[in-house]
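2 protein chains.
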Amino acid sequence: MRNTFLVCYDICDDKRLRKVFKTMRDFGDHLQYSIFECQFTPVDLAKCRHALNDIIHHHEDQVLFVDLGPVEGRGDRVISALGKAYTNIDAACIIV
Amino acid sequence: MRNTFLVCYDICDDKRLRKVFKTMRDFGDHLQYSIFECQFTPVDLAKCRHALNDIIHHHEDQVLFVDLGPVEGRGDRVISALGKAYTNIDAACIIV
Numbered sequence: 001m002r003n004t005f006l007v008c009y010d011i012c013d014d015k016r017l018r019k020v021f022k023t024m025r026d027f028g029d030h031l032q033y034s035i036f037e038c039q040f041t042p043v044d045l046a047k048c049r050h051a052l053n054d055i056i057h058h059h060e061d062q063v064l065f066v067d068l069g070p071v072e073g074r075g076d077r078v079i080s081a082l083g084k085a086y087t088n089i090d091a092a093c094i095i096v
Numbered sequence: 001m002r003n004t005f006l007v008c009y010d011i012c013d014d015k016r017l018r019k020v021f022k023t024m025r026d027f028g029d030h031l032q033y034s035i036f037e038c039q040f041t042p043v044d045l046a047k048c049r050h051a052l053n054d055i056i057h058h059h060e061d062q063v064l065f066v067d068l069g070p071v072e073g074r075g076d077r078v079i080s081a082l083g084k085a086y087t088n089i090d091a092a093c094i095i096v
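Note that the protein sequences, when read in sequence, are chains A and B.
No gaps in the numbering here: position 50 of the first sequence is 50 in full-length UniProt numbering, and each next residue is one more.
No gaps in the numbering here: position 91 of the second sequence is 91 in full-length UniProt numbering, and each next residue is one more.
No lab work stands behind these hints, which were simulated from the structure alone.
Treat the hints with care, as some may be off.
Claimed, not checked - Quick list of simulated restraints, FRET-style, between CB atoms:
(1) Phe-21/B <-> Ala-85/A: 21 to 27 angstroms
(2) Asp-54/B <-> Arg-2/A: 33 to 39 angstroms
(3) His-57/B <-> Ala-51/A: 32 to 38 angstroms
(4) Ser-80/B <-> Lys-15/A: 35 to 41 angstroms
Positions of the beta carbon are idealized from the N, C-alpha and C atoms, including for glycine.
Full structure from sequences and hints, please.
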């Protein structure tokens with residue numbers, strides 16, 4: 001079963017920041033400046049934590065994993081936006 | 001009843017960014033660069049949205065309200081950290 005996660009990071013060094021950004025693009029959808037939205041199985045989550053674990057400096061940087069709940073349930077209805085619209089990671093996109 | 005919310009913002013202009021940051025300090029705990037953790041009643045949430053609504057430029061900026069669930073329930077157990085520790089908004093602090 002997959003849960004929706006927000007992965008939010010505060011990285012003190014630009015080089016590490018770029019590395020975290022590039023790594024996260026393999027795991028989910030870029031939502032805001034330092035936030036990705038991901039749909040993880042427990043194995044995906046472990047892989048993501050492992051990949052970031054090798055990049056960050058543990059005393060200076062921080063990555064938060066926020067579990068929003070099952071993708072088909074709660075995780076699908078808990079984010080609302082003010083200003084620019086929020087498009088759900090699953091939102092169908094129409095190619096014209 | 002109060003729910004735990006993350007308020008995450010992407011603001012394109014430094015002046016508006018500082019205004020949003022100052023406003024958010026009245027509503028919750030600064031978690032990461034552009035993320036606050038808040039415990040909202042429905043009225044608090046409406047007040048926060050209203051306050052930010054007057055600051056941001058709706059075509060350029062974005063504020064996300066992420067509902068993590070009831071403070072005494074789900075909202076209390078869904079954030080984990082890699083690197084610097086995450087301290088829960090309710091965590092008892094010992095004054096020495």
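The hints, checked one at a time:
1. Phe-21/B <-> Ala-85/A: 21 to 27 angstroms: Roughly 23 angstroms apart at Cβ, these two residues keep to the hinted range, so it holds.
2. Asp-54/B <-> Arg-2/A: 33 to 39 angstroms: Once the Cβ atoms are compared, 38 angstroms apart, the range 33 to 39 angstroms for Arg-2/A and Asp-54/B holds.
3. His-57/B <-> Ala-51/A: 32 to 38 angstroms: About 36 angstroms separates the Cβ atoms of His-57/B and Ala-51/A, which means 32 to 38 angstroms holds.
4. Ser-80/B <-> Lys-15/A: 35 to 41 angstroms: Once the Cβ atoms are compared, 25 angstroms apart, the range 35 to 41 angstroms for Lys-15/A and Ser-80/B is violated.
Violated hint: 4 only; the structure is consistent with all others.
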